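**Q** When you get a sec, could you build the whole thing from the sequences and use the hints?
Under the working numbering, the first residue of the sequence shown is numbered 269, with each subsequent residue one higher.
Hints are computed from structural coordinates only; laboratory data are not their basis.
Quick caveat: nothing in here was measured; it's all calculated off a predicted structure.
Treat the hints with caution; some may be incorrect.
[As the list claims (entries may be wrong)] With a Cα cut of at most 30 Å, we get these calculated DSS-like pairs of lysine-lysine:
(1) Lys408 / Lys375
(2) Lys375 / Lys349
(3) Lys375 / Lys354
(4) Lys408 / Lys354
(5) Lys349 / Lys433
(6) Lys375 / Lys436
(7) Lys408 / Lys436
(8) Lys433 / Lys358
(9) Lys408 / Lys433
(10) Lys358 / Lys436
(11) Lys408 / Lys349
(12) Lys375 / Lys358
(13) Lys358 / Lys408
(14) Lys349 / Lys436
(15) Lys354 / Lys433
[Said to hold, decoys possible] So the derived label-pair ranges between C-beta atoms look like this:
(16) Arg336 / Glu389: 17 to 27 Å
(17) Ala364 / His453: 21 to 31 Å
(18) Gly342 / Tyr449: 30 to 40 Å
(19) His453 / Asn428: 12 to 22 Å
(20) Ile279 / Ala364: 33 to 43 Å
(21) His386 / Ala424: 14 to 24 Å
(22) Asn441 / Glu367: 26 to 36 Å
(23) His453 / Ser362: 30 to 40 Å
We treat Cβ as the ideally placed atom computed from N, Cα and C, and that holds for glycine.
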Amino acid sequence: YTFIETFKLTIYFFKLINCFKKCERITFKKENFYVILHNIKTIIMSISDLFDSGFRNRNKGHFSAIVRVALSDGEISPEEKNFLDKLAIKLEISQAEYEEILENPVKYPVNPPLMHSHRLERLYDLARMVYTDEHVMAEKEHHLLTRFALALGFTAGNVNYIVDKALKLVDMNVDLDSFTYEMQHMNR
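**A** Listed below in structure tokens is the structure:
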């Protein structure tokens, strides 16, 4: 949970306690209230830690998969390095993790998205990061995004069509929902 979500849960909890207090059959001692509040906080923090741990591991796996794609030709180009720098920030990869993954990208398991909608979300994020407003590197960004799209599981037979459409949508500055809808309905 984020801080705001935790704060909202706390407010709802206080409202619930007030409802219980109004009920004549239930009485709360101040000490019991603090014990209950502490237990709820502990549960929320445990859930939050579990979520953060899984989320961070998935991000590391995703980042290591992208690093593998970038290294597939034996070296990381300046464009790929720039892209990896931006991606590391977006995925909240620390500098130490970044260097460790660059050194040994196979250390982290790759968790490719199984659902088509999740692949489209990742493609959207990748297309926005690869895309340049100057259009100077149009061929390079297309090639880079094609490699990433293949790594995401899009088929080689239609990957160029998918990448062309993705870059056009990003050029139009569409949001994720519009991007997903357009990509799912591009053959209609």
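**Q** Evaluate each hint against the coordinates.
**A** We went through each hint and held it up to the structure:
1. Lys408 / Lys375: The hint holds at about 28 Å.
2. Lys375 / Lys349: Given that 30 Å is the threshold and the Cα spacing comes to 20 Å, the pair holds.
3. Lys375 / Lys354: holds, 21 Å
4. Lys408 / Lys354: holds, 17 Å
5. Lys349 / Lys433: Distance of about 24 Å is within 30 Å: holds.
6. Lys375 / Lys436: The given pair, whose Cα atoms are some 35 Å apart, is violated under the 30 Å limit.
7. Lys408 / Lys436: holds, 15 Å
8. Lys433 / Lys358: Given pair Lys433, Lys358 holds - Cα atoms ~23 Å apart, limit 30 Å.
9. Lys408 / Lys433: Holds, at about 16 Å.
10. Lys358 / Lys436: Since the Cα atoms of Lys358 and Lys436 sit roughly 22 Å apart, the hinted pair holds (cutoff 30 Å).
11. Lys408 / Lys349: holds, 13 Å
12. Lys375 / Lys358: holds, 21 Å
13. Lys358 / Lys408: Holds: Lys358 and Lys408 sit about 21 Å apart, inside 30 Å.
14. Lys349 / Lys436: Roughly 23 Å between the alpha carbons, so the hint for Lys349 and Lys436 holds.
15. Lys354 / Lys433: holds, 22 Å
16. Arg336 / Glu389: 17 to 27 Å: Between Arg336 and Glu389, where Cβ atoms are some 20 Å apart, the hint holds.
17. Ala364 / His453: 21 to 31 Å: Given a distance of about 43 Å, which is not inside 21 to 31 Å, the answer is violated.
18. Gly342 / Tyr449: 30 to 40 Å: holds, 38 Å
19. His453 / Asn428: 12 to 22 Å: holds, 19 Å
20. Ile279 / Ala364: 33 to 43 Å: holds, 37 Å
21. His386 / Ala424: 14 to 24 Å: holds, 20 Å
22. Asn441 / Glu367: 26 to 36 Å: holds, 33 Å
23. His453 / Ser362: 30 to 40 Å: With Cβ atoms ~39 Å apart, the hint holds.
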